[in-house]
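Chemist: Input sequences plus hints: build the corresponding full structure.
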Amino acid sequence: MSQTKEKGIKTQISLEEQLSKLSVKDLKSQVTRTGNRSNRKSPLLLPAEVTNRIALDCEMVGIGPDGKEHMLARVSIVNEQGDVIVDCYVKPQETVTDYRTEISGIRPEHVNKGVDFKTIRELVRQLIHGKILVGHALKNDLMVLNLKHPKYNIRDTSRYRPIAKKAGSFGTPSLKSIAYVFLREDIQDGSHCSVEDARAAMKIYMLFEKEWEKSALPASLLLTGPNMKKSASSSSSTSSLEPAAKKQKPNDDPPKPSDKGSAAGREDYVAMLKADRKATAKSILDFDFNKKRVRILSDAKTIEDGKQGVLYWMSRDARVQDNWAFLFAQKLALKNDLPLHVCFNLVPKFLDATIRHFKFMLKGLEEVAEECRKLNIQFHLLRGSAGENVPAFVKKHKIGGVVCDFSPLRVPMKWVDEVRKALPMEIPLCQVDAHNIVPVWVTSDKLEYAARTIRTKVNKNLPTYLTPFPPLVKHPFTADFEADPINWTQVLDTLQVDRTVEAVEWATPGYTGGVKTLQTFVEKRLGKFNDKRNDPTENALSNLSPWFHFGQIAVQRAVLTVKKHGKRYSESVASFCEEAIVRRELSDNFCFHNKNYDNLQGAYDWARKTLDDHRKDKRVYCYSREELETAKTHDDLWNSAQLQMVKEGKMHGFLRMYWAKKILEWTKTPEEALETAIYLNDRYSLDGRDPNGYVGCMWSIAGIHDQGWKEREIFGKIRYMNYDGCKRKFNVNAFVVRYGGKVHRRK
1 MSQTKEKGIK TQISLEEQLS KLSVKDLKSQ VTRTGNRSNR KSPLLLPAEV TNRIALDCEM
61 VGIGPDGKEH MLARVSIVNE QGDVIVDCYV KPQETVTDYR TEISGIRPEH VNKGVDFKTI
121 RELVRQLIHG KILVGHALKN DLMVLNLKHP KYNIRDTSRY RPIAKKAGSF GTPSLKSIAY
181 VFLREDIQDG SHCSVEDARA AMKIYMLFEK EWEKSALPAS LLLTGPNMKK SASSSSSTSS
241 LEPAAKKQKP NDDPPKPSDK GSAAGREDYV AMLKADRKAT AKSILDFDFN KKRVRILSDA
301 KTIEDGKQGV LYWMSRDARV QDNWAFLFAQ KLALKNDLPL HVCFNLVPKF LDATIRHFKF
361 MLKGLEEVAE ECRKLNIQFH LLRGSAGENV PAFVKKHKIG GVVCDFSPLR VPMKWVDEVR
421 KALPMEIPLC QVDAHNIVPV WVTSDKLEYA ARTIRTKVNK NLPTYLTPFP PLVKHPFTAD
481 FEADPINWTQ VLDTLQVDRT VEAVEWATPG YTGGVKTLQT FVEKRLGKFN DKRNDPTENA
541 LSNLSPWFHF GQIAVQRAVL TVKKHGKRYS ESVASFCEEA IVRRELSDNF CFHNKNYDNL
601 QGAYDWARKT LDDHRKDKRV YCYSREELET AKTHDDLWNS AQLQMVKEGK MHGFLRMYWA
661 KKILEWTKTP EEALETAIYL NDRYSLDGRD PNGYVGCMWS IAGIHDQGWK EREIFGKIRY
721 MNYDGCKRKF NVNAFVVRYG GKVHRRK
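Residues 1 to 747 (the UniProt record's numbering) make up the sequence shown, in order.
No lab work stands behind these hints, which were simulated from the structure alone. Just so you know, not all the hints are guaranteed correct.
[What the hints assert, rightly or not] With a straight-line cut-off of 27 angstroms between C-alpha atoms, the simulated DSS-like cross-links for lysine-lysine are:
hint : residue 1 : residue 2
1    : K363      : K374
2    : K532      : K729
3    : K460      : K335
4    : K335      : K374
5    : K516      : K282
[Stated by the list, open to error] Distance ranges between label pairs, derived from CB positions:
hint : residue 1 : residue 2 : range
6    : T280      : D189      : 29 to 39 angstroms
7    : K210      : K349      : 48 to 58 angstroms
8    : D83       : E17       : 18 to 28 angstroms
9    : M143      : L207      : 22 to 32 angstroms
Note that the Cβ used here is the ideal one computed from N, Cα and C, for glycine as well.
Modeler: In C-alpha cells form, the structure reads like this:
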C-alpha cells in the first residue's frame with residue numbers, strides 16, 4: 001500500500017472504532033453537519049474539518065455469479081484542502097465473488113473487519129447534506145451507497161465538458177488521464193486508492209471552480225469566496241444554498257443562463273428533420289421515387305389480387321424514416337390498398353458479434369417497433385433461419401410482395417438467396433439499396449481499383465440520387481392480425497453470444513441517438529473536421545459509424561444535413577462527403593464484386609507477390625492473438641489504440657491504419673495478420689462486420705485501393721507506418737495517457 005493509502009487508513013482507525021459502537025439511530029441524533037472537531041455536542045470525532053465542498057470516492061468489490069454486480073467496500077471523503085474526513089472499509093453485506101484487488105486494492109482482511117454498511121451510509125448521508133459534492137463518476141458512488149444528492153450540488157469531473165475538451169477527450173475522460181493532464185500526477189498506478197482519487201477530483205474541481213460555479217448556479221447564488229458566504233464551521237444544519245435550490249421545478253435543476261449554445265437554445269434536430277420530410281412531400285405517393293434504387297430478384301413482377309399485405313424484411317437498414325426500402329414497401333402497399341408489415345429476422349449468433357453489438361442493435365429495433373406501432377404498421381421479430389422464417393410468414397399471412405435491404409457481404413447475400421428460392425413463384429421479391437446514396441449496381445458494374453476510379457462515377461450520379469426524403473406516413477390500411485408482443489429483455493437473454501464484451505456508455509442506440517450525435521457533430525466538431533480529423537487527440541470526428549453500420553441513421557441524411565453548412569465550412573464539408581460517400585461506396589463496391597473481400601486471395605497480384613516474397617523475413621517482435629487482444633505489446637501507442645477499441649467500441653480512423661499495419665509486422669504470416677485484425681475489429685468495434693472494416697484491414701495489410709511503395713522487410717511494397725511518424729503528426733503521449741497503454745517487455 002502506498003504512503004497515501006497507509007496514511008489515509010491509519011488516521012481513520014479511531015473513527016472506525018467509534019462507528020462500530022454507534023447505531024444508525026445514534027448517528028442520526030449525534031452527528032452534526034459541520035463535523036467540526038471542536039463541537040462538543042457530538043461524541044463522534046472526525047479527523048478533519050468538513051468544509052462546504054467535499055470530495056467523495058468509493059471502491060467496490062464484485063458480487064453475484066460472475067462478480068459483475070457492485071458492492072461497497074471502501075469510502076473516502078476529503079475536504080477542500082485534501083484532508084481526510086472519512087476513510088473506512090465497509091463490511092460485505094453479501095458474499096464477495098470478486099475482490100477486484102488489482103483495481104480496487106481491496107482484500108478480504110480489509111473488509112471483514114469493516115464498518116457496517118447502514119452505519120457508514122448514514123454517516124455519508126449526513127456529511128454530504130447541503131454540501132457541494134465533488135468526485136469523478138459520482139453516479140456510481142452514490143448508486144452503490146444507495147444515496148441521492150441534488151444535481152445542483154454535484155460537481156462531477158467526468159461530466160463537466162470544459163474538462164474533457166481541454167483534456168482532448170472524445171468521450172468521458174478517465175480520472176487518471178485528467179489528473180495527469182491538469183495536475184501532472186500519475187495516479188492509479190496499480191490498484192486504485194479512493195483517498196488519492198478523491199483528492200485528485202477536488203484539485204481538478206478547484207482549477208475550474210470559478211467558471212464551473214458560474215455555469216452551475218443562477219446569478220443570485222454565485223460563490224463569493226472559498227467559504228461560499230457561510231463559514232465552514234457554522235453550526236446550522238441547513239446550507240445557505242438550499243432554500244433557493246428547492247424552488248427549482250420539476251427536477252431540482254437550477255435555471256440555466258440564456259445561451260444560444262446551450263442545449264435549451266439549440267434546435268431540435270429530430271423535429272427539424274421531421275419538418276424537412278413534411279416539406280418535401282405528403283407521402284411517398286407524392287414523391288418522384290427513382291426506380292433505379294430497386295432491383296427485382298424474382299421472376300414475378302407484380303402483386304396478385306387477393307393478397308393481404310406487403311412485407312418489408314428489414315435487416316441492414318434498421319430505421320423507419322429516411323429509409324428508401326421502407327418507403328418503397330409503403331408505396332407498394334398504398335398502390336395495392338394493402339396493410340404493411342415489417343419483420344426483422346434475428347439470428348442467435350452472427351460472425352464475431354458480441355452482446356455489445358446485439359444490445360446496440362436490439363435497442364434500436366425497439367425504437368423501430370414503437371414507431372411502427374404509431375404508424376399502424378405491424379412489426380414482427382422472427383427468430384432463427386431467414387430462409388425458413390420469411391417464406392413461412394409470407395405463406396401463412398398471404399403476403400403479396402416482399403421488399404428487402406441490400407448488403408454486399410456474403411452471409412446476408414446468402415440469406416436473400418435462400419429466401420428468394422423458398423418464396424412462392426407468384427411473390428415478387430424487390431431489393432432496395434437504402435444504405436448507399438447511389439445504389440451499388442448503379443455506381444459501377446465492376447470492381448473499382450481505387451477511390452480515384454470510382455469518385456467520378458459517384459459524383460456524376462449525386463444530383464440524381466442525393467435528394468430529400470419524403471416521410472413514411474401513418475398507414476391507412478390496418479392488418480387483420482397483430483404482431484406477437486416482444487419481450488426485449490428475454491430476447492437478449494436467449495442470444496448465444498459472447499457476453500464478456502459489454503455495451504459502451506458513450507453511444508445511445510437508435511435513430512434518436514444517431515440524430516443527436518449528428519447534431520453535436522454539426523454544431524461542435526464540423527468546423528475542425530478537415531484540419532483535425534487525423535489527430536487522435538482531437539475530438540473532431542463525426543462518431544456516426546455505429547449508427548451508419550446498424551442502419552439506424554441514413555448516410556444520406558447526414559450528408560444532406562452537413563452540406564447545409566457548405567458556405568461556412570466548405571473544406572470540412574468536402575472532406576466529410578469524400579469519406580461518407582466516396583469511400584463508403586468504394587467499400588461496398590469492393591465487397592460486392594470481390595467474394596474474397598476478407599482474405600488475401602482478394603488482394604491485387606502485386607500485393608500478394610510482395611507479401612509472399614517477404615513471408616520469411618525475420619520478425620523482431622512476434623505476438624500471439626491473446627497478447628494483441630489484451631494490449632500486451634512493447635508499443636504503448638498500439639496498446640492504447642487497442643484499449644480504446646476494447647473500452648469504447650471504436651478506434652480513431654488514423655490509428656486503425658497504424659494498428660492493422662503493426663499486426664502485419666508482429667505476426668508470423670500475412671494471413672494470420674489479416675485474420676487477427678478482422679477478428680479484433682469485428683469483436684470489439686461497434687461498426688465491426690462492415691464493408692468499411694474489411695476494406696480498412698485489406699488496405700492496411702494487403703494494399704487494396706493503394707499502390708506499391710518503397711520495398712522493405714516484412715511489408716514488401718505495402719505502405720509502411722511507424723511510431724515516429726505518428727509522433728510527428730500528433731501528441732502520442734497525450735493519447736497514451738488517456739487510454740493507459742503500457743509498454744510490456746517479455747521476461
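Chemist: Indicate, hint by hint, whether the structure satisfies it.
Modeler: The hints, checked one at a time:
| no. | hint | in the structure |
| --- | --- | --- |
| 1 | K363 / K374 | 17 angstroms, holds |
| 2 | K532 / K729 | 10 angstroms, holds |
| 3 | K460 / K335 | 32 angstroms, violated |
| 4 | K335 / K374 | 21 angstroms, holds |
| 5 | K516 / K282 | 25 angstroms, holds |
| 6 | T280 / D189: 29 to 39 angstroms | 57 angstroms, violated |
| 7 | K210 / K349: 48 to 58 angstroms | 54 angstroms, holds |
| 8 | D83 / E17: 18 to 28 angstroms | 20 angstroms, holds |
| 9 | M143 / L207: 22 to 32 angstroms | 27 angstroms, holds |
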